[in-house]
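J.: Everything in the sequence shown is counted per the numbering used here, starting at -9 for the first residue and increasing by one.
Source of the hints: derived by calculation from the structure; they are not laboratory data. Treat the hints with care, as some may be off.
[Unchecked claim] Once the Cα atoms are required to be at most 30 Å apart in a straight line, the calculated DSS-like pairs of lysine-lysine come out as: (1) 115 - 103; (2) 103 - 5; (3) 55 - 13; (4) 117 - 55; (5) 68 - 8; (6) 62 - 115; (7) 176 - 65; (8) 115 - 180; (9) 45 - 62; (10) 25 - 115; (11) 180 - 117; (12) 180 - 103; (13) 45 - 55; (14) 68 - 5; (15) 180 - 45; (16) 62 - 176; (17) 68 - 55; (18) 103 - 68; (19) 55 - 180.
[To be verified] Taking CB as the label site, the calculated pair distances span: (20) 17 - 54: 53 to 61 Å; (21) 47 - 104: 54 to 62 Å; (22) 184 - 43: 29 to 37 Å; (23) 122 - 13: 52 to 60 Å; (24) 76 - 194: 19 to 27 Å.
None of these values were measured; they are calculated from a predicted model. Cβ coordinates follow ideal geometry from the N, Cα and C atoms, glycine included.
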Amino acid sequence: MGGVTSKCSYAKHRKKTKELRAKVLALEEEIKEMKRVREHEARAFERHAAAFASKEAEWEQERRKHREEASKLGKRLKEEEDRIRCLEDEMAASRGDKEWFRLGTDYLVEHMKEEQARREEAVEKWKQLYLAIKTELDDLIQRTRQGERLYLGDEEGGTIERLQKEVKAKEETAETLRSRVDEMEKEACKRDREIDILRQSLRILSNKKRGRIGKNQLRDLH
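Work out the full structure: start from the sequences and follow the hints.
T.: Here you go:
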């Protein structure tokens, strides 16, 4: 009787041990799968971080290039403004010379056209740079939000925090560029108004010149 009881107890113990082993194996497989997924996500994140670092270097190079172009454009504008002032002074001192007045007017009109084209080109470049950075930021923000749902550990949390700071920095850069574009557009509008005033002044001078010529011709006839 005791042998039968002992045999049944051993069978139950063996069955329970087998079930526990099966659960342990299943749990180990689940852990392996979780590690595999985590490693895959970590590699993907590293690729995104490397791509972002590369793009950041490109942005910095592009910004440096545009700053240099803006500096050159500013110098050219100052030189041309100085030339215009000198030309206006010479025109004012030589109002009796009709040919000189015509040449000066033609030069000013041509200069206005060239200046307008250069200004529009500079504004367009700043706009393109701003849009490119904004597009990259939108993509990076989307990936960051996805990463927040994937990474929950302390180390990954620190990485997400660092990435969020980088995103904020890039948003500030984009905002600065947008402000620069708005400023250049305002400067363009101001310059257009100055050109309109200059054109009106030229028309007034031209009308006065024609009026004086007409009076002189009438006196010659008498």
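J.: Against each hint, give a clear statement of whether it holds in the structure.
T.: Status of the hints after comparison with the structure:
1. 115 - 103: 19 Å, holds
2. 103 - 5: Given that 30 Å is the threshold and the Cα spacing comes to 94 Å, the pair is violated.
3. 55 - 13: 63 Å, violated
4. 117 - 55: Since the Cα atoms of residue 117 and residue 55 sit roughly 14 Å apart, the hinted pair holds (cutoff 30 Å).
5. 68 - 8: 89 Å, violated
6. 62 - 115: 14 Å, holds
7. 176 - 65: Roughly 19 Å separates the two Cα atoms, so the pair holds.
8. 115 - 180: Between residue 115 and residue 180 the Cα gap is close to 20 Å, so the pair holds against 30 Å.
9. 45 - 62: 26 Å, holds
10. 25 - 115: It is violated: about 46 Å lies between the C-alpha atoms, which goes past 30 Å.
11. 180 - 117: Given pair residue 180, residue 117 holds - Cα atoms ~19 Å apart, limit 30 Å.
12. 180 - 103: 15 Å, holds
13. 45 - 55: Holds, because 15 Å separates the two Cα atoms, which is no more than 30 Å.
14. 68 - 5: 93 Å, violated
15. 180 - 45: 35 Å, violated
16. 62 - 176: The hint holds at about 19 Å.
17. 68 - 55: 20 Å, holds
18. 103 - 68: 16 Å, holds
19. 55 - 180: 25 Å, holds
20. 17 - 54: 53 to 61 Å: 55 Å, holds
21. 47 - 104: 54 to 62 Å: Given a distance of about 34 Å, which is not inside 54 to 62 Å, the answer is violated.
22. 184 - 43: 29 to 37 Å: 44 Å, violated
23. 122 - 13: 52 to 60 Å: 54 Å, holds
24. 76 - 194: 19 to 27 Å: This hint holds: roughly 20 Å between Cβ atoms.
Consistency with the previously given hints fails for numbers 2, 3, 5, 10, 14, 15, 21, 22, ordered from lowest to highest.
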